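Going by my numbering, the sequence shown opens with residue 1, and the numbers climb by one from there.
Read the hints as simulated data drawn from the structure, not as lab findings.
Source: prediction; values computed, not measured.
Check each hint, because a few of them may be wrong.
[Claimed, not checked] For each label pair, taking beta carbons as the anchor points, the in silico distance ranges come out as:
#1 86 / 184: 15 to 21 Å
#2 176 / 3: 33 to 39 Å
#3 39 / 158: 37 to 43 Å
#4 42 / 117: 37 to 43 Å
#5 52 / 189: 37 to 43 Å
#6 86 / 158: 39 to 45 Å
#7 59 / 38: 33 to 39 Å
#8 52 / 14: 31 to 37 Å
#9 51 / 139: 27 to 33 Å
#10 129 / 14: 41 to 47 Å
Ideal placement from N, C-alpha and C gives every residue a C-beta, glycine not left out.
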Amino acid sequence: MGVTDLAFAYKHHPLRARLINTVAWYDLADLCALLGRPSPDDAIAFVTACHPQRLRQLAGGGSTQWIDDDGLWSIASLAGYHVTDDPVRWLFLEVAPKIRHAMYEQAPNGNAPDVRELWHVIDQLIDIGEMRDYGRDTEMLAINLNDAMLAAFRRGLPLPGKARTNRLLALSRAPQYRGRTYVTHHGREISCLVFDRADPELIPGVHQFASRTTS
């Protein structure tokens, strides 16, 4: 099992992270202290009520609760932060790239067949208008995993579970994964995974998802 411990600090507030088999976990007490709200107990209650699978006690971590990547962004949203706020910008610009680099070191096969097949399915969904590219008219491709899962279900296309899909896309090098952000669409903030718009001719086995958008 691949395990990598990482340590970050924002204005003297530590944030410990642990990568286990390319899945990132963050010390929840550290995160709450860094954000200034909510309390760890309130955060645990919130996540337990909505997505209990996002919380874990890790071996060697004592009684500390750890939260996964999706949970981290949920807590930031619960705390009332937006993508333009300093703590979230720090998470996006400082923490996320180092987490991705550690993922690549644990599993340096971002162009493996299962990743290419996943992009093939997403390419089809965008091509037939079942899935929105929220990065339209920009240099980045931005997709929402909920959109992908629902669209694949409607069309009977094979996608793994949401957690596995998230991990595979995070390892993607075709196109290069750039992290997570929120996009405002019809007055709502949509959580998106962001990728470079690579030239599809340079990426064998991956179709022209990088050049297509939907309205």
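Evaluated hints:
no. : hint                 : in the structure
1   : 86 / 184: 15 to 21 Å : 19 Å, holds
2   : 176 / 3: 33 to 39 Å  : 25 Å, violated
3   : 39 / 158: 37 to 43 Å : 42 Å, holds
4   : 42 / 117: 37 to 43 Å : 40 Å, holds
5   : 52 / 189: 37 to 43 Å : 24 Å, violated
6   : 86 / 158: 39 to 45 Å : 41 Å, holds
7   : 59 / 38: 33 to 39 Å  : 26 Å, violated
8   : 52 / 14: 31 to 37 Å  : 25 Å, violated
9   : 51 / 139: 27 to 33 Å : 32 Å, holds
10  : 129 / 14: 41 to 47 Å : 46 Å, holds
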